[in-house]
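**Q** Sequence:
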Amino acid sequence: MKTMNRVLISVVLVVLAFTASNAQSSAKALKKDLKAKVEKDCRKTAKQLEKEGWKVMPGKLPLERQIQDSRYAELDTDNNGEKLYLTATHKSVGGNYSAAKKIADDRAASELAEHISKTISEMIKGKLSSTDYGDGDIETIDEFISANKNLVSVSLESVFPVLEIYREKDNKVEVQVMVKTNAAKALKVAKKAYKDKLYQQSAELAKDLDELLPY
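Counting in my numbering, the sequence shown runs from 1 upward without gaps.
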């Protein structure tokens, strides 16, 4: 009987190991297939952009590589399946490259800050059904966040350029940029900025904000 049990246990272990191995192989194959599809799509996109006159400045990464980086910035997730990065894109036209790029960079950073503020606001509203906080306090916090988006712009750290391309048209220069920042870190920094500012208005509300958000 003991021998039979040992045999059964051995068989189960082999099956489990085989199943795990197959699952890992399937995951790797799926990831490889997805990467191939993304790269193929990026090549197609790069060729289309080149036809439209877009190019990169000397010393910058090739157009196709920048397209890949921007695509992965949008697709990458952490171990919990949450978006790893927050991104923002903007185009601007100026009399020269530097002027157009500065406007595009500033507006992309502004859009990124607005995205972070909106995300925090949605997180707060999502807590309404599972907390005992009064609607009045929640509304006050939400209004405070909406009215103080500039706090995020000031506190944003580690914003990285992902895409930087340009084209010349009608004696003007059009620049398109994409920037990214680590989602979890950005939300954590933004939450602290809001909490510190809100504390000056109401220590109790600042405490509520600290408990409402998971960062």
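A couple of the hints might just be wrong.
Straight-line Cα separation of at most 20 angstroms, EDC-like style, residue types lysine to aspartate or glutamate; simulated pairs [unchecked claim]:
id : residue 1 : residue 2
1  : Lys102    : Glu164
2  : Lys83     : Glu157
3  : Lys60     : Glu82
4  : Lys197    : Asp210
5  : Lys207    : Glu164
6  : Lys55     : Glu174
Taking CB as the label site, the calculated pair distances span [as the list claims (entries may be wrong)]:
id : residue 1 : residue 2 : range
7  : Lys37     : Tyr199    : 16 to 26 angstroms
8  : Lys35     : Glu143    : 12 to 22 angstroms
9  : Glu74     : Met123    : 34 to 44 angstroms
10 : Lys172    : Glu74     : 35 to 45 angstroms
11 : Asp106    : Lys197    : 17 to 27 angstroms
12 : Tyr199    : Asn171    : 46 to 56 angstroms
Note that these hints are calculated values from the structure, not bench results.
Think of the CB as a built atom: it goes at the ideal place given N, C-alpha and C, for glycine as much as any other residue.
**Q** For the pair we were handed, lysine 83 and glutamate 157, check the Cα-Cα distance against 20 angstroms.
**A** Holds, at roughly 18 angstroms.
**Q** Do glutamate 74 and methionine 123 keep their Cβ atoms within the hinted range of 34 to 44 angstroms?
**A** 20 angstroms, violated
**Q** Taking 20 angstroms as the top limit, are the C-alpha atoms of lysine 207 and glutamate 164 close enough?
**A** 41 angstroms, violated
**Q** Holds or violated: lysine 102 and glutamate 164, Cα atoms, limit 20 angstroms.
**A** 11 angstroms, holds
**Q** Could you say whether the range 17 to 27 angstroms given as a hint is met by the Cβ separation of aspartate 106 and lysine 197?
**A** 22 angstroms, holds
**Q** Cβ-Cβ distance between lysine 172 and glutamate 74: within 35 to 45 angstroms?
**A** 28 angstroms, violated
**Q** Do the alpha carbons of lysine 197 and aspartate 210 lie within 20 angstroms of each other, as the hint requires?
**A** 12 angstroms, holds
**Q** Between lysine 35 and glutamate 143, is the Cβ distance one that fits in 12 to 22 angstroms?
**A** For glutamate 143 against lysine 35, whose Cβ atoms are near 44 angstroms apart, the range 12 to 22 angstroms is violated.
**Q** Holds or violated: the 16 to 26 angstroms window for the beta-carbon distance between lysine 37 and tyrosine 199?
**A** 48 angstroms, violated
**Q** Would you mind confirming whether the straight-line C-alpha gap from lysine 60 to glutamate 82 stays at or under 20 angstroms?
**A** Violated, at about 30 angstroms.
**Q** Given the hint that lysine 55 pairs with glutamate 174, test it: the Cα-Cα distance must not exceed 20 angstroms.
**A** 11 angstroms, holds
**Q** Does the Cβ distance between tyrosine 199 and asparagine 171 fall inside 46 to 56 angstroms?
**A** 52 angstroms, holds
Consistency with the previously given hints fails for numbers 3, 5, 7, 8, 9 and 10, ordered from lowest to highest.
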